[in-house]
Amino acid sequence: MIYKVIAKSEFKRFTDALLRDNTSFGPRQVDTDSQGKAVYQFLPVTSSDDVAFDYTATASSAKHFFLPFREELSRFVFQDQEWDQQISYEGKPIVLIGLRACDISALNILDDVLLKGHFPSPYYLAKRKNTFVIGMDHLPLPDCFCKSMSHHTISTGFNLFCSDIGEDYYLSINSSKAFNFLKEFNTRDPLDDDNCRLVERRKIISDSFLSEVDVTALPSILDIEFDSPVWEKWGNKCLNCGTCAMVCPTCYCYSVEESFDTNLKGATRQKQLYSCNLVDFAEVAGGHNFRPKNGDRLKYRYYHQHRGFAENANQQICVGCNRCGRACLAGINPKDVINDLRMEKESCLTNISSSPDRI
Amino acid sequence: MKHWGFTFEKLKIASFDFTCCEGCQLQLANRESTLIDFLELLDIRNFRELSSEQHNDYDIALIEGSISRQDEVERLQAIRRQAKTLVAFGSCACFGGVNSLKNKFPLKELVAEVYPGMQIETMPVRKISDVVKVDLSIPGCPVNKEEVERIMVNLATGSLVTLPKHPVCFECKAQLNTCLFELGEICLGPITRGGCNAVCTTGKTPCLGCRGPSEEINMPAFVELVKARELSLDDLQEKIAFYNAFEGFSNHEA
Ligand code: SF4
Ligand code: SF4
Ligand code: SF4
Ligand code: SF4
Ligand code: SF4
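One line per chain: the protein sequences are S and L, in this order.
For the first sequence, position 4 (counting from the first letter as 1) is numbered 3 according to numbering that gives the first Met the number 0, and the numbering increases by one without interruption.
For the second sequence, position 103 (counting from the first letter as 1) is numbered 102 according to numbering that gives the first Met the number 0, and the numbering increases by one without interruption.
Simulated from the structure, these hints should not be mistaken for laboratory data.
There's no promise every hint is true.
Claimed, not checked - Derived pair list, reagent style PhoX-like, types lysine-lysine, alpha-carbon separation capped at 20 Å: (1) S:236 / L:226; (2) L:9 / L:144; (3) S:232 / S:292; (4) L:101 / L:238; (5) L:164 / S:236; (6) S:232 / L:226; (7) L:132 / L:83; (8) L:144 / L:164; (9) S:334 / S:344; (10) S:334 / S:236; (11) L:103 / L:9; (12) L:83 / S:36; (13) L:164 / S:270; (14) S:91 / S:232; (15) S:7 / S:264; (16) L:203 / L:238; (17) L:9 / S:264; (18) S:91 / S:128; (19) S:182 / S:11; (20) S:292 / L:238; (21) L:103 / L:203.
Stated by the list, open to error - If the Cβ cut is set under 10 Å, some of the chain S residues that face chain L in the computed set are: (22) 33; (23) 34; (24) 36; (25) 40; (26) 72; (27) 274; (28) 282; (29) 328; (30) 329.
Heads up, the beta-carbon is just placed ideally off N, CA and C, and yes, glycines get one too.
From just these sequences and the hints, can you work out the full model?
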C-alpha cells in the first residue's frame, strides 16, 4: 500500500478525468423521503458534479453490477433435430466510486463465495475482473453496525481509498493502475500532520457508532436457538417480500428459469436474484415446500448471514450495513432480532441452571 | 409447427368480452416486436378484435370482464360447455375488477344515475369463477402481454403454466425504486402478486393490487405497518377494495 495526500479540488480533477473516460457508477440522490432525508442509489456518473460525495449510504447495494437482478445464462437455438447452446460471459471495465468500507468488504465476500469455491462463476468473474474501486470513508449512520462485524475499516478490495481529513483526502493506494493514473495529478507524501489527522478521523468514525450488535459466539447461539420462539415472533411480521435480500450487498441466491422464444425457434435460460424469504424459495418439483413457515424462512436468512454456510467456510457474510433493516417495511432488522435471540438464550440459562438444592 | 423433433399444434383459441373496457383483449394485439410470432401460435376461431371470422370449435376460451347481466350468465355457460380450458383473462374476470365498486350501491340508484329514465337490467358484479369453473387465471389491469405470451407458449408446448408467487416489492427493488411508503404513501406492493415488473411503482404511483394477492400474503402484518406509519386506514380500505381482489382476506382491523 502506498499513501498520498491530495487536495479535494485536485481530487475533483482526478475524478473528472476518470469518470469521463470510463463507464462509471457512483452515489446520486434520487429522492427526498417524507422525513426530509435524502435517498441515494449507485447510478451512472460522468463527472465529479454527478457524484454526491457527501452522501450517507445508498438504499440498494452495488452488487447488481456483478450479479444483475436478471441475467441470461445461455441461449438455445433449435435447428431441425439439432440444438445449439450459446453462452457468453460479458462484462466491461467499470469504475465504482464512493463505496463505503462495508460495501468493499461485501464485494470481497462475494469474491470468496463466487470465485474461490469449487465452481467459480464465469459470469461473475467476467463482470468483476476489470473493476476499479474507489472507496470513501464516512461517519456512520445511527443504525450502521459494521463495526460490530469488523467491517468498518478495510485493507483490501479497492484500488484507492479516500479518508476525509478536512481540506484533503488521505489516499490509500492499492493498485499500480491507481498509482500510475494519480501520477498525472498533484499529490504529496503524507506529513506528520496528515498522519495525525488520519488517526483522528479514524477515531472519530470509530467512536461515532451508535448501534452495536453483540456477535460474540453468535454462530453457536444460532445453533442452540434453532427452535427458539423468537423466529416465530419475527416471522409473523415478515411479508415474504424478499426486499431484504434484494438490497443486501452479500445475498447472492438466484433462481433459474428456462423459456421458449415466442417463435419456438430458440429458448433462453435466465437467472434471477432470489431471496430465501420468498414463499417458493424452498419449493421443489411436485409442490413440496421445505420451509412453509415465515419464521423458518426468516431463520434461514439469519443463519446464512450470521452463521455462514460451508461454501463460505462458515463465515458470517453480513457486513453490518443495515440496508435490510432500513428497507424492511415490517421493521425486521438484524440488531433487534439478534438481541432478542441473545436475551432468549440468557433467560434460558437462568432458568435451566438453577442451583442444586442445599442439603 | 415442427421444431426439434416436436410437433406443436396451434392453439384453437377464442376470446370473449363481458362487462369490461376491452383493454385486456387489446393487449393481445400489443407488443409489435413479437406479434407475428405470437399470432403464429394461435388458430383464432373467434375473436372480434382480431378477426371477423367466427367459429365455435375452440379449445381455449379467454374470458374478459366480469358478469353483470343474466344474458351474460347464459353466454358464459355456453362457452364453458365448449372450452377445454377456460381462462379468466384480466382483473375483471379474475376478481370482479373496478366494476365491483358498483356492488357498494343499491342497483336502482345506480341505474337512475347512469341511465336516467331507462329500463336497464343489471345485477351485482361477479367474477367468472362465481359463475363457472375457471381453469386458469391471468390477472392484471390490463394483463401483461409478455406474461400472456409466455403462458400461450407454455400451453402450446405443454410446459407448466405458472404465475410468479412473489409480491410486487421484489420486482420494485430490482428497479431501484424508492419505496412509496418512504414517501408517505400506501402501496399494496407487499401483498400483491408480482409479474408486472412493478410498472406502477416505477412510475411513482402506488400499486393498487390489480394482480390480486400474492401467495400466502401476510395481511395482519401489512395492516400493522400501515398503522405504525400513521397512514390513513380509509385510504388503505379504498385501495384494497379497488379491484375487489382481496376478498376473503380479513382486514377488519383496518
Ligand atoms: S424480513 Fe422484511 S424485507 Fe425481508 S422478506 Fe420479511 S418483510 Fe420483507
Ligand atoms: S441470506 Fe438467504 S437470500 Fe441471502 S444469500 Fe443466504 S440464502 Fe441466499
Ligand atoms: S444482512 Fe442486512 S446488514 Fe447484513 S449485509 Fe445484508 S443488508 Fe447489510
Ligand atoms: S413502493 Fe410498493 S412495491 Fe415498491 S417496495 Fe414499496 S411497498 Fe413494495
Ligand atoms: S404495480 Fe400493482 S396495480 Fe400496478 S400493474 Fe402491478 S400489480 Fe397492478
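How the hints compare with the structure:
1. For the given pair, residue 236 of chain S sits about 13 Å from residue 226 of chain L by alpha-carbon distance, which is consistent with the 20 Å threshold.
2. Restraint check for residue 9 of chain L and residue 144 of chain L: satisfied, since their Cα atoms lie roughly 19 Å apart, inside the 20 Å limit.
3. The hinted pair formed by residue 232 of chain S and residue 292 of chain S meets the criterion: a straight-line CA distance of about 12 Å does not exceed 20 Å.
4. For the proposed pair residue 101 of chain L and residue 238 of chain L, the alpha carbon gap of about 15 Å is at most 20 Å, so the pair holds.
5. For the hint linking residue 164 of chain L to residue 236 of chain S, the alpha-carbon distance of about 19 Å falls within 20 Å, and the restraint holds.
6. Restraint check for residue 232 of chain S and residue 226 of chain L: satisfied, since their Cα atoms lie roughly 19 Å apart, inside the 20 Å limit.
7. Distance hint between residue 132 of chain L and residue 83 of chain L is fulfilled; the C-alpha atoms sit about 11 Å from each other, no more than 20 Å.
8. Between residue 144 of chain L and residue 164 of chain L, the direct Cα distance comes to roughly 18 Å. Compliance with the 20 Å bound is thereby established for this hinted pair.
9. The hinted pair formed by residue 334 of chain S and residue 344 of chain S meets the criterion: a straight-line CA distance of about 15 Å does not exceed 20 Å.
10. This hinted pair checks out: residue 334 of chain S and residue 236 of chain S have alpha carbons roughly 16 Å apart, not beyond 20 Å.
11. A hinted pair counts as satisfied when its Cα atoms are at most 20 Å apart, and residue 103 of chain L with residue 9 of chain L does not qualify at roughly 43 Å.
12. For the suggested pair residue 83 of chain L and residue 36 of chain S, the alpha carbons sit about 56 Å apart, so the restraint of at most 20 Å is broken.
13. Using a Cα cut-off of 20 Å, the hinted pair residue 164 of chain L and residue 270 of chain S holds, with the two alpha carbons roughly 16 Å apart.
14. Annotation: proposed proximity of residue 91 of chain S to residue 232 of chain S is violated, straight-line Cα distance about 45 Å (limit 20 Å).
15. A C-alpha spacing of about 56 Å is found between residue 7 of chain S and residue 264 of chain S, which places the hinted pair above 20 Å, so the restraint is violated.
16. A threshold of 20 Å between alpha carbons decides the hint, and for residue 203 of chain L with residue 238 of chain L the separation of about 16 Å falls inside it, so the pair holds.
17. Under the criterion of a C-alpha separation no larger than 20 Å, the hint pairing residue 9 of chain L with residue 264 of chain S is consistent with the structure, at around 15 Å.
18. This hinted pair checks out: residue 91 of chain S and residue 128 of chain S have alpha carbons roughly 9 Å apart, not beyond 20 Å.
19. A distance of roughly 15 Å separates the Cα atoms of residue 182 of chain S and residue 11 of chain S; the hinted pair therefore holds under the 20 Å criterion.
20. Taking the CA atoms of residue 292 of chain S and residue 238 of chain L, the gap is near 27 Å; set against the 20 Å cutoff, the hint is violated.
21. Restraint check for residue 103 of chain L and residue 203 of chain L: the C-alpha separation of about 29 Å exceeds 20 Å, so the hint is violated.
22. Given the 10 Å rule on beta carbons, the hint for residue 33 of chain S holds: about 4 Å separates it from the nearest Cβ of chain L.
23. Among the interface hints, the one on residue 34 of chain S holds; its C-beta lies about 8 Å from the nearest C-beta in chain L, closer than the 10 Å criterion.
24. For residue 36 of chain S, the shortest C-beta to C-beta distance to chain L is roughly 9 Å, which falls under 10 Å, so the interface hint holds.
25. A least Cβ separation of about 5 Å between residue 40 of chain S and chain L falls short of the 10 Å threshold, and the interface hint therefore holds.
26. Here the hint on residue 72 of chain S is broken, as its CB sits about 17 Å from the closest CB of chain L, past 10 Å.
27. Nearest Cβ of chain L to the Cβ of residue 274 of chain S: about 7 Å, under the 10 Å cut. The hint holds.
28. A least Cβ separation of about 8 Å between residue 282 of chain S and chain L falls short of the 10 Å threshold, and the interface hint therefore holds.
29. Taking 10 Å as the C-beta contact cut-off toward chain L, the hint placing residue 328 of chain S at the interface holds, the least distance being around 5 Å.
30. The restraint placing residue 329 of chain S at the interface with chain L holds, with a minimum CB-CB distance near 6 Å, inside the 10 Å limit.
Checked against the numbered hints above, the structure breaks hints 11, 12, 14, 15, 20, 21 and 26 and satisfies the rest.
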